[in-house]
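Number of protein chains: 4
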Amino acid sequence: MPLMTGQDYIESIRRLKMRVYMFGEEVDDPVDNPILRPSLNSVRMTYDLAQLPEYEDLMTATSPESGQRINRFTHIHRNTEDLVKKVKMQRLLGQQTAACFQRCVGMDAFNALYATTYEIDEKCGTSYFANFKRFMFFVQENDLTVDGAMTDPKGDRSLSPHEQADPDLYLRVVARHPDGIVVRGAKAHQTGALNSHEIIVMPTIAMKPEDADYAVAFAVPMDTEGIFMVIGRQSCDTRKLEGSQMDVGNSEFGGVEALVVFDDVFVPNDRIFLNGETEFAGMLVERFAGYHRQSYGGCKVGVGDVLIGAAAVAADYNGVPTASHIKDKLIEMTHLNETLYCCGIACSAEGSPTAAGNYLIDMLLANVCKQNVTRFPYEIVRLAEDIAGGLMVTAPSEKDFRDPKLGPFIEKYLRGRADVSTEDRLKILRLIENLSLGTAAVGYRTESLHGAGPPQAQRVMIARQSNLPRKKELAKKIAHIEE
Amino acid sequence: MPLMTGQDYIESIRRLKMRVYMFGEEVDDPVDNPILRPSLNSVRMTYDLAQLPEYEDLMTATSPESGQRINRFTHIHRNTEDLVKKVKMQRLLGQQTAACFQRCVGMDAFNALYATTYEIDEKCGTSYFANFKRFMFFVQENDLTVDGAMTDPKGDRSLSPHEQADPDLYLRVVARHPDGIVVRGAKAHQTGALNSHEIIVMPTIAMKPEDADYAVAFAVPMDTEGIFMVIGRQSCDTRKLEGSQMDVGNSEFGGVEALVVFDDVFVPNDRIFLNGETEFAGMLVERFAGYHRQSYGGCKVGVGDVLIGAAAVAADYNGVPTASHIKDKLIEMTHLNETLYCCGIACSAEGSPTAAGNYLIDMLLANVCKQNVTRFPYEIVRLAEDIAGGLMVTAPSEKDFRDPKLGPFIEKYLRGRADVSTEDRLKILRLIENLSLGTAAVGYRTESLHGAGPPQAQRVMIARQSNLPRKKELAKKIAHIEE
Amino acid sequence: MPLMTGQDYIESIRRLKMRVYMFGEEVDDPVDNPILRPSLNSVRMTYDLAQLPEYEDLMTATSPESGQRINRFTHIHRNTEDLVKKVKMQRLLGQQTAACFQRCVGMDAFNALYATTYEIDEKCGTSYFANFKRFMFFVQENDLTVDGAMTDPKGDRSLSPHEQADPDLYLRVVARHPDGIVVRGAKAHQTGALNSHEIIVMPTIAMKPEDADYAVAFAVPMDTEGIFMVIGRQSCDTRKLEGSQMDVGNSEFGGVEALVVFDDVFVPNDRIFLNGETEFAGMLVERFAGYHRQSYGGCKVGVGDVLIGAAAVAADYNGVPTASHIKDKLIEMTHLNETLYCCGIACSAEGSPTAAGNYLIDMLLANVCKQNVTRFPYEIVRLAEDIAGGLMVTAPSEKDFRDPKLGPFIEKYLRGRADVSTEDRLKILRLIENLSLGTAAVGYRTESLHGAGPPQAQRVMIARQSNLPRKKELAKKIAHIEE
Amino acid sequence: MPLMTGQDYIESIRRLKMRVYMFGEEVDDPVDNPILRPSLNSVRMTYDLAQLPEYEDLMTATSPESGQRINRFTHIHRNTEDLVKKVKMQRLLGQQTAACFQRCVGMDAFNALYATTYEIDEKCGTSYFANFKRFMFFVQENDLTVDGAMTDPKGDRSLSPHEQADPDLYLRVVARHPDGIVVRGAKAHQTGALNSHEIIVMPTIAMKPEDADYAVAFAVPMDTEGIFMVIGRQSCDTRKLEGSQMDVGNSEFGGVEALVVFDDVFVPNDRIFLNGETEFAGMLVERFAGYHRQSYGGCKVGVGDVLIGAAAVAADYNGVPTASHIKDKLIEMTHLNETLYCCGIACSAEGSPTAAGNYLIDMLLANVCKQNVTRFPYEIVRLAEDIAGGLMVTAPSEKDFRDPKLGPFIEKYLRGRADVSTEDRLKILRLIENLSLGTAAVGYRTESLHGAGPPQAQRVMIARQSNLPRKKELAKKIAHIEE
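Protein chains in written order, with the numbering used here: chain A, 306 to 788; chain B, 306 to 788; chain C, 306 to 788; chain D, 306 to 788.
The hints are simulated quantities; they were obtained by calculation from the structure and are not laboratory data.
Note: identical chains are not told apart, hence a pair may lie in one copy or across any two.
Below 27 Å or equal to it, Euclidean Cα-Cα: the simulated DSSO-like pairs (lysine-lysine) are:
{"no.": "1", "residue 1": "513", "residue 2": "717"}
{"no.": "2", "residue 1": "704", "residue 2": "717"}
{"no.": "3", "residue 1": "717", "residue 2": "781"}
Assemble the whole structure, with the sequences as input and the hints as a guide.
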């Protein structure tokens, strides 16, 4: 089956009968809802670009099993080149959407499950690897978008899953039947669920034997009975309802988060990838998180490219592109952004094969990558706001600008360089606002902090991966300390 | 005349017939408009607190001329104690409103004009000081709120006022009559104009003789003919129209910015404080900016207190208040916030008298203060977002929460610690969102960058005030270099 | 008795028969030893400047008891003006010596003991306050330099004093006699001990009842039997033995640290200020540390002034004083340095009276001050090294420069701007080396980190002083959370 | 010819009759001089490790021309794998020496010249490529160490080479003969010259036609007539003369810098690689600098590993390895160090072929790499000093420690954890001192700043390589700006 076009994809999502709620009401047509559509467009870009010959090498891969060209988002990485291309594909998509394009979680879940189910089967004699591969071929064959859902609501962070006052605060198996299991719980902060055909569910932390019911992984279609979504509010969300292209900054692309509720959902046996093997929950989490921390070294860099470009355009329009402090700030933004890219590339180039044969990123460097992503975008945003100037947050609405009476005054007084239209100036400032404070800031700032795990999660992993005993030996040798 | 109560103040503003535009339409009743009202409430707090005995010492002062108790916002600082109390008053108001309370610009313009008009008169034989003092007594007597308007639109930043393609991009005198002058132009980013009785206009940069028409300062009532305002869009502005107290985070207080247009406004002679004496434009700008850079060491610290508190509450509700990394982040936020306060206090305590007899802050330290304000709030916000967790940007709307069908699911799954209501948890996250990304982020972040001049403006002043030749001498002496 | 001149002071120290060891040998004449003399000269500056009319106001104070003019280093602060003048005096001395002038510890111990002994007496009926005042008058009368010794060796940091394998790792009372006590132990990192007439010993941490023998404070002359010092090695210490003024960078001033051993030293009853009242150990430590953390907001700022000046001179000599990135780095150095000064001034201006009547700094702000001192000097040094260029660490020795054969080549090739002598260029680079890597770096960098307690000690105090509950209340009020 | 052993190498250097001056005197036997020997040992490690089978893959490569195994330091990179292995080899050597091992400059000069001479010949019909290859084979065949000398003294930085008051402040051709040229000038900050068999000289900046005499590159043996060196002073240099292994921290390895003077040196025609083709000077400089900026992403990371290990050992010895703030600081040090490594790996993995066929690093990422190296080691050092504690700069000398009378007191009072010897504790603190303030700090700090060009040089390159126009296009497309 050929790769879907963007339009095919849109229609395929429209055919799914997902239950989506927003502002207390069910959304009849999520595909055409103005708040939700930009996020769908971002995923669509992963299909559109895969159709273009110039991006074929980055956007697609050849399945070693079928020999077919498949979208790279459904691919299992077979070597470090694949890992590097993943990062470059993500940077490209970040540049084209200035938003989260959401399809990475499925790819990262794929690669984590491929490696982990293989090892579970080796150890426990289960058949999760076969289950997973069957599902994988189905996704590749049909060019589907898959959500990878990890984050449970978690309730009281000081308690483990089974200790919570409400046992459902981590998703769990509530019934076991001969042909499958019934699960209950929720997954929070799901960026791409709304635009996915299937959802992969994984546990969110390492577990002990007493948490066996929580050690569960599986995949089901997004319109499975019992699943529904409540859309999260984003900064400036309803501005998209106003019909102003200018005021939203980025009118075409976006990302949206949802709380996905699993209200007693049945999962057939052949879609189960983990079921009680608690000792493997941690491995699955670490690997998914590792791949996803690599991802941020690509996607956020692409968004950063747009923000750097926007700041440079704003400086041009202000008439100050050659001021030394402006140039220096653009250099600093670039420096920080490329440092993130270095981390994304490095953890990929240093990848190594798993027992299952696919390639895992260097875990230490992937965590270092994400840790930097929790810092640098904030400084890049600060510098962008600095260059943009205060007008970024005080400019009047497009309605004012288009008003016959007010418009001429705004045209007159908010003009920067005389040869640039006030409209263009306002547009670029709105884009910077969008990425600094608006809907896209949710993705570029807060998600950079918390997506793929908060900063402290990376620090724990850095400590675990840093091989401090070896470093102590090196130091003792140099210092002539013999113990 | 006694100090106005908050209610008196609201009514006095309602009586003014200001022209205010928003979303392409004139606002009939700005006082009761849901987007604008929170900003009025913030100013009101400067009246309400002045009525309370426990704050009398901070909120009021005794006029040395009249012997009357006046609101400190209308006071001329007579000693360093006044300067320090100003900062403490601002921190208090930041704590009570978590927003910009707007009345500082008038106070800062008062003190800059008091000192500068005196020196102009000394040099030029003008009578601006008398003009200003008459205006000052009127304001003190009637306990008015005064906007201090400095920032011109500035057009092409590489050109001086008279070089702009459109000569009105800096406000200027377009006609001179026996009884006064006519001015044309605009002032951008005016936070308090909407809630002020009077507006003081000042030039925005140092000027050369050829910019004489631009070297103009004066005061007029906000409802003077020819003045109108266009309200700027803030992140999440229209959320205030939805009627949800929860979703806005801070439902009672806020700040709003406007473009104030002077469409050929007449200014009577006795309200003129500068008129063509270009050599004093720079002094006026530097002093106003200096006072205002001091101000940020008070108000933003108060807002920071609220944000630190909100992050600590969020950590409590997540069940992790004793995690070492959480405690360390709260310490870091506090450390940064108190460093800002140190700068605000220090530039005040090191103040010195002007020729006119009022007290000027230490200019070097005031610029250092503001320079830190362009950095630390961004890091404080980042840490707050870190502690808050991703739910801050993905939580559903209050409508979802109140919905009979969805509500119970949200109640169940978004609960943190079992003994804290989900509602309270969502409220505190919305407050953090408000300060990080929402309407208040405009004030706490972007205004911290650009208010009272962008970072580079402070750096220029730091260079000018740093007495580098003296430092070179010290170094040469130690190094035994004789030249 | 009049204040001592610098020369008087030198002679008075020479008369003391202290036991000083260095490189495994007793130093016969510490006063004239080339490694030790610069540190004596730094203290001498506290006497020399006190003789000059232009510094009288900063360097001296009037004793309220005797009405005599005393050196401010022996003064008890009676108001915030005193606290502010202390900081200014310290900045002045840092500027004049580019080194640690050592006399602050005694002043800080004085003020901590004055307040604390008063409160102990109030509570316990002891007579420590009288003891201390008698000692204080003796010091003021004779214009003595007093070391304030707090830091015990501490052994295993995870154990309290009485739990250590060797009970002497914290200084303690080993015998009690009718007329006094015998103490054993050591005080580490004592910068000024060598140049002091008297030494005040204090405990180094808060204590519990089982540590009663360790809760001891007293003063004895530096040449008391049983006391000896071992001088610590500093980076580049022996360069001072080479006789090259140029190569040492700062040939006249310095600071030196010693391990002071108390090998069963007798302390007469009237010199005891604490003896077993464990509940007051913590108060004494906190107050001394608080005053001393304030101090760093003065002295290190003065040293910073010299380093900024040196970097500016180096830039001049390289011919690049107007390069925008050089100017920007000098601004950044100044900004950071003045931020430290703001903290020093602010914690002073916000001081408040103790029960004993002297003035205590604001404890929160003093800890914030020191915390910044653990960071900014490192960045200032980095920027200085950046401006200086690599020659700072690769320039040949003065012997090479003076050599008839090599000299001309060095003269030729290491010249910067043609109108500046190579000698002057080398001198200024050596000064920067001295402060970045050499003997003075010990004081400007490592001591900035660890002096008056390491960074974590300040963080603990910031947490304790930050009144987080109040901040939480503010946030809950704004968020309409009622509990 | 087989690869040299370390011992062979030492003897080969001993046979060279280099002229070396230090402290105003010629050094008779540089190989055995205690100040110089550690730096020779560092280079020796590049020979010793190449003999070990476990490091063969990193330390050696196969020459594609001769098919012989050659030391990787003499290799021309043929693919990205070579570039990555270079970085790993450098990290390994940094770990083994905790110092600069100096042989990188030759390798980087090799690769820059290989690519550039090829392109000059293509354009100008010269035969520099053949000249260079002949030299290269000679070096590979004999396993020589080659210095790569770029940095001229530069005099007044505001003037170009031919504008200097003294025309020799940039190295230049002073005479041209049929069989060769005569050059005069000097190269500053040469770390490895002393331990090299040959020296490659290159210009230090891009040039214009009027600087033709300065556009010269060539190679000559280090003992060529007219060449001599003056050794630069390092912090703590003479401590190596004292015979104390403990006090120097790292007694075996080091690095030393020299001013290399070319006092009318004859260069035969076949050793000339550039001679007046000014338009290629910039290309050569950029490529050499690019390779060398990559290098820092390896070597400094290895040194960082030792410093992190040393800090961890110090924490163990203090009894606080599990304190949360200590663990967090070790994590931060690791995070920063691995970020540097990411940059080293990334610019290598993203390398691309030159016209000559060898591989060039990604120039943007290599400059980003070095820019981070100008920052992070300073913070790593600061954190190491924090963990180490003040004793690092106040511990007595080994002579004190070994003294029969003083030793027991030092043994007693400077012990940390009871089960660790005081000697080991002092050793590890001396190593940290060595890297923070001592001889190795010159390499780990100042050289990290200025080696391969100062920070501003990288910023200029980042600006040039950042493709800002492309980023502006991306932003305009998202913002719907059509121009």
